[in-house]
Amino acid sequence: MTAVRVVLPAHLKNLAQVHGEVVVSVSGPLTQRVVLDAVEERFPMLCGTIRDRRTGRRRPFVRFYACERDLSNEPPDAPLPDGVAAAITVGTEPFLVVGAMAGG
Amino acid sequence: MTQVRVLAGTRKGAFVLTSDANREKWEVSGPHFAGWEVYHLKGSPADPNRLYASQNSGWFGQLIQRSDDGGKTWQPAGNDFSYVGDPGTHLWYDDTPRPWEFKRIWHMEPSPDDPDTVYAGGEDAALFKSTDGGQTWRELTGLRLQNSRTDWQPGAGGLCLHTIILQGSRMFAAISAAGAFRSDDGGETWRPVNRGLRSGGIPDPDAEVGHCVHHVEAHPSRPDTLFMQKHWDVMRSDDGGLSWYEVSGNLPTDFGFPIAVHAHEAETVYVVPITSDSLHYPPEGRLRVYRSRTGGNEWEPLTNGLPQQDCYVNVYRDAMATDTLEECGVYFGTTGGQVYASADSGDSWMPIVRDLPAVLSVEVQVIR
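Top to bottom, those sequences are chains G and H.
Just so we're aligned: 90 in my numbering is position 90 of the first sequence, and the numbers increase by one with no gaps anywhere.
Just so we're aligned: 83 in my numbering is position 83 of the second sequence, and the numbers increase by one with no gaps anywhere.
In isolation and in its complexed conformation, chain H is listed as follows (with noise of 0.2 Å):
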């Protein structure tokens, strides 16, 4: 029997969200890892029973965990993240160099072939892989150590690699706030590709790093394709990010967080737009999903099993998942603790869960 399998990550533990394939009767597991942030869960596309969660805590630092048998059970796995040689700096917030220093994993990226192989992306910028399950780290050293590395600078929320996208030897990786970076080697060797982002608060609104980078997304069919929400503007690219350009349209306001692509629809995407950079909120209090079926410029507001009013919840940038069942479900999980699921490409949505402490992430899997 298919099963859908909602993979919830918050402030205080991990939560595993279950169905069968209507995805109206969800049973929840968790907390796991009560008391600890878990940025980010996810499964192998290989082996949907093999999932990776970074736990991370002020007291006591990052873990990763692993579980084999489809987040019933944990085992700790290897959290040496270090850097390679000399970290060397970058800019701090008040334009004085930095030195590199490890603090998290923001994003777990497993392979779409090897259940032993995962990325996983790292605060102070930096981009790591295991070969084996996750017991140990090597970092791909390509990205940190490219040219415009002392130009980076950290967003508000740090200087975080939050995007990994696996698309064979080519990869995209996205900082906050240094930009769009794109390997055509596994890898090895990266380059920035933000040609196209404007930002209003950088001296220089089109220099080639800086742009605050909150999240990318691609169709497996359409590699070329990639879809952004920046800190403020959606922009499209559709030359693997050589050139980009603002898709925006008739959104009530363009800034935000998550993005995320229909399964089956290569041209329909969705975001959740919020208020501004000051108030992360939606806009009106009205907590609205929008969906373009156009791959941007005309977007449409789900609003159907939703708060309209009263609601000043916010959605992280991970927080917002499609699964890939034949009417594709949409999954999205707030600051207030609600995980909204959608199992009919988001015309309609009711929460799964209600009351958990504030999402960080969501991701979904179908095992069939």
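Chain G on its own, in the form it takes in the complex (with noise of 0.2 Å):
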């Protein structure tokens, strides 16, 4: 099992009811996928604020980063990249759920 810490936005934080980072256990190559299933796994109020119920699609306005990259694109059943895997299994850096700017 790997532990995963991540950042969420600050409504979801109040949603969970967290303070600062959570950290989920996950098994397998790490996906976006993987992690945001733990993540609604241990938070189920979650469920439908990051990803649509239907789809599975990431909601538009969130994104998802780590390691100062942006894998909001990517496919979420693809291995995260080499170097940001690495640093999010050994714990260096979090894996970051953010809500999008927009409006004005």
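FYI, nobody ran anything at the bench for these hints, they're computed from the structure.
Everything numeric in this text was worked out from a predicted model, so none of it was measured.
The beta carbon of each residue, even a glycine, is placed where N, CA and C say it ideally should be.
Just so you know, nobody snuck in bad clues.
Distance windows between CB atoms, simulated:
no., chain 1, residue 1, chain 2, residue 2, range
1, H, PRO45, G, ARG69, 48 to 54 Å
2, G, VAL98, H, TRP92, 28 to 34 Å
3, H, GLN146, G, ASP77, 36 to 42 Å
4, H, GLU101, G, VAL98, 21 to 27 Å
5, H, LYS103, G, PRO44, 18 to 24 Å
6, H, GLN75, G, ARG69, 33 to 39 Å
Far from chain H, by Cβ distances over 10 Å, these chain G residues were calculated:
no., residue
7, THR2
8, ASP37
9, TYR65
10, ASP70
Given two chains presented individually in distinct reference frames, assemble the corresponding complex, making use of the accompanying hints.
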């Protein structure tokens, strides 16, 4: 099992009633889906807030970052890039769920 | 001691305002769900401490929140609003077919008998029901699948199901811009009930569907009598929606959004006239509630305590309510963030809170 640090946007932290980062345990190769499934399993109230419930796709104004890279449009089942996966696996970098800058 | 609780949904959260029966001094709690749009929150008539709230965000989608202590604390409930089967298409603004797509819940309607049973009206138009306190939702497909559906077309606010009236096995729902619908079997099957409505903005002014209904209300003692604020026109039905006739009478404009009925006088009705469909503020910058004590046609302006100059707010469709105290209270919220209350059936008004975010909905409970 790998302990993955995940940073949620403020509104979702409030919803999940957590402060700071959360840590979820995952197994197997690190992918977006594996990480987000683990987040939703631990915090079921977040189901539908990050990914569309019906299609499973990322909501339009939610982004995924790690290691200063934008992973938002990477295939959800593709293994995270080597350097990113390594940094997340050893815990030096978190997986960031970000509310996109939008509006005026 | 009797308590009055006003539930205000706003663009940036929910607020709970409480007072004693005098309705003079109010305590404000909130924002609950700060930063989220709360289209509607409403209490269960069967258990006033059970509240349901529709919480939405353009970033994070739809949530339902539930309180079991009158709004002091909240717990997320279920938010899986799935259309049953292939959702099909409705007309888009350019007359092309558009797949049904869930966007938000506009209205929550708790059952009068069971705190765990609640209905939710969605955009794109659909009616959902929960019997487990909002944890799971089931679409009542009979409404969305009835024959006129392919002709439904969204109004400027979206193809939203915004009105739900529960009368035992009989139910009414209203959709912008499709019209009013009635079920006689607890929501399993539905039919349009729009005869008598005339809408100048559609090709066939008295078509079976296509009318931009803004809100419908009924007095509990007169289930066959319905009052409707349409896009233009204030309408009335005395036969359970089977036919409608206009009761706009001497209103300065018959455009508006909310309509409310006095708690004890089934022929006393309230509207807030708005200048026009392109000027969403009161005529002459004077905020006036109009009251009819004759079931329509004859209306009197109510101005005492309301701003009578330089007022350019709007009042949304779900932002007006009445309480059930002996001297009926009337409440409404504005896009300017004020919630006004009258403890004397509308004769005089006072703002019970002034500077909230734009108010989307107002409901009121009397806890005895």
